[in-house]
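Enquirer: Spelled out, the chains give:
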Amino acid sequence: MTDASINPQASEGEARFGDFVALLKPRVMSLVVFTAAVGLLAAPVPVHPFIAFFAVLCIAIGGGASGALNMWYDADIDAVMKRTAKRPIPAGKVTPGDALAIGLTLSGFSCVMLGLAANWVAAGLLAFTIFFYVVIYTMWLKRWTPQNIVIGGAAGAFPPMIGWAVATGGVSVESVLMFLLTFMWTPPHFWALALFVKSDYDKAGVPMLTVTHGRRSARRHILGYTILLAAVAVGIGFTSVGGPVYLAVAVVLNALFLKGAVDILRRDEAASEADGYKSEKSFFKLSLLYLFLHFGAILAEAALRPWGLGGW
Amino acid sequence: MFREEHELHKRRWGRNLGLGIVLAIFVALVFGLTVVKVSLEDFRTPAETGGEQ
Chain U
1164 MTDASINPQA SEGEARFGDF VALLKPRVMS LVVFTAAVGL LAAPVPVHPF
1214 IAFFAVLCIA IGGGASGALN MWYDADIDAV MKRTAKRPIP AGKVTPGDAL
1264 AIGLTLSGFS CVMLGLAANW VAAGLLAFTI FFYVVIYTMW LKRWTPQNIV
1314 IGGAAGAFPP MIGWAVATGG VSVESVLMFL LTFMWTPPHF WALALFVKSD
1364 YDKAGVPMLT VTHGRRSARR HILGYTILLA AVAVGIGFTS VGGPVYLAVA
1414 VVLNALFLKG AVDILRRDEA ASEADGYKSE KSFFKLSLLY LFLHFGAILA
1464 EAALRPWGLG GW
Chain E
83 MFREEHELHK RRWGRNLGLG IVLAIFVALV FGLTVVKVSL EDFRTPAETG
133 GEQ
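Quick note, the sequences are listed as chains U and E, same order.
At position 164 of the first sequence (counting the first as 1) the number is 1327 in the numbering used here, and the numbers step up by one without a gap.
At position 41 of the second sequence (counting the first as 1) the number is 123 in the numbering used here, and the numbers step up by one without a gap.
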C-alpha cells in the first residue's frame, strides 16, 4: 500500500474504499451474478439456498478479481482512452502494485472458497475463467487480433456454466449451450456499439474490427454471428432447461434480432449517418434486452418446474 | 493515555472501516457456511467415516 506519510505525492489522489471496489468492475459483476444464478437455479440438482448464495458471491468476486488484474495489465492503454482514463490506476488513485495484489488475492480466495463451499469442478472452472480473461484475452489476444471481442466474450460467458457446475458437479449440453448463448451474443452486441460510438481503440493500439477490416466487414460479421446465435438460442429450447415459455421468447427475440442484423447489413455508412445510426442503436438496445430475457426465460422455466408447468 | 491520532489514520478512516466491514462479513459468511455444511443430511464426522471422505 502507498504510504502517503513517506510519499507526499500520493496524498493528492489517495485511494478511497470505493476506488478498490471500482477495480472489481461492479457493472460487469451484475451480469455475472445474474447469469451464474440462472445456471445454478436451472440445474436439476437442488442446492441449499445459503450455499447457492455463497457460490454466486464467490463467482462474482472471482469475476471482479479478473477485472482488477485486467486493469493492472491494461493501465497503459486505459490512460490513453477517454472512456477508461478515469479508472483508479490511470487516475492515480490506486497503484498498479495494489491492483495486482488485490486481483491475485481475491482470485485465490474466490476459487478456494468456491471449492470448499460447492465442489472443485466449479472452482476449477472459475480459476480457468480468470486465467482465460487475464492471460489469454488481456495479455495475449486483445492487442493482437481484431477478433478480440469474440475471445473476451468467452470469459464473460463462463458464469452460467460455473453456476451449473456448483449444482451438478459437472458440465453438460445445457451448460455448454448457456455458455454459447453469451459467447455468440457478445460480438454482435459489441460491434453494433462500435458502429455508432466513436472510440479511441486505434489510438491505444488495440485492433478493432471496424478499424482493421472496415465497417462493411463489421456489418457482415454482425449478421454471421447473429445467425449462429439464433441456432444456439433456439436449440436451448429443446433441452431440459428449455420449455414452451423459453421457446416462445427465443423465437420472437431471434426473429427480431435477425431482422435487425439484416437491416444493419443492408445499410451503408451514408444511410446510417443520415438517420443518426438509428438501426444500429435500436439493434444495440435490443441486444441488452435479448440476453436478459433469454436467461430470464430459463429462470422462469426453472421457477415453474415445482408446479409441473416448466420444461417439456 | 491515548496518543494523538496520526493524520494518516484520519485520512484512511473510510478505507479502514470498509475493510473492517468486509472482513466481518467474510467471518459471518464462513460461520454461516459451516453451520449449513454440518447441518446437511450427508454430513459425517471423520470418526463416523473412519477418516475417509
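Careful: at least some of the hints might be erroneous.
[As the list claims (entries may be wrong)] With beta-carbon atoms standing in for the labels, derived distance ranges:
1. Thr1375(U) with Arg126(E): 53 to 63 angstroms
2. Phe1291(U) with Val109(E): 23 to 33 angstroms
3. Arg1383(U) with Asp124(E): 32 to 42 angstroms
4. Leu90(E) with Arg1306(U): 34 to 44 angstroms
5. Asp1239(U) with Ala129(E): 28 to 38 angstroms
6. Gly132(E) with Ser1193(U): 18 to 28 angstroms
7. Pro128(E) with Trp1283(U): 17 to 27 angstroms
8. Leu105(E) with Leu1267(U): 16 to 26 angstroms
9. Leu90(E) with Leu1267(U): 47 to 57 angstroms
10. Phe1359(U) with Val120(E): 53 to 63 angstroms
11. Val112(E) with Phe1291(U): 17 to 27 angstroms
Source of the hints: derived by calculation from the structure; they are not laboratory data.
These figures come from a predicted structure and were not determined experimentally.
In this text, a Cβ means the ideal position worked out from N, Cα and C, and glycines have one as well.
Enquirer: Next, verify each hint and record whether it holds.
Expert: Each hint tested on the structure:
1. Thr1375(U) with Arg126(E): 53 to 63 angstroms: holds (59 angstroms)
2. Phe1291(U) with Val109(E): 23 to 33 angstroms: At roughly 29 angstroms between Cβ atoms, Val109(E) and Phe1291(U) fall inside 23 to 33 angstroms, so the hint holds.
3. Arg1383(U) with Asp124(E): 32 to 42 angstroms: violated (54 angstroms)
4. Leu90(E) with Arg1306(U): 34 to 44 angstroms: Cβ of Leu90(E) to Cβ of Arg1306(U): about 39 angstroms, so the range 34 to 44 angstroms holds.
5. Asp1239(U) with Ala129(E): 28 to 38 angstroms: violated (57 angstroms)
6. Gly132(E) with Ser1193(U): 18 to 28 angstroms: For Ser1193(U) against Gly132(E), whose Cβ atoms are near 46 angstroms apart, the range 18 to 28 angstroms is violated.
7. Pro128(E) with Trp1283(U): 17 to 27 angstroms: Given a distance of about 19 angstroms, which is inside 17 to 27 angstroms, the answer is holds.
8. Leu105(E) with Leu1267(U): 16 to 26 angstroms: holds (18 angstroms)
9. Leu90(E) with Leu1267(U): 47 to 57 angstroms: For Leu90(E) and Leu1267(U) the Cβ distance comes to about 25 angstroms; the hint is violated.
10. Phe1359(U) with Val120(E): 53 to 63 angstroms: holds (55 angstroms)
11. Val112(E) with Phe1291(U): 17 to 27 angstroms: Taking Cβ atoms as reference, Val112(E) and Phe1291(U) lie about 24 angstroms apart, which means the hint holds.
The structure fails to meet hints 3, 5, 6, 9 from the earlier list, while all remaining hints are met.
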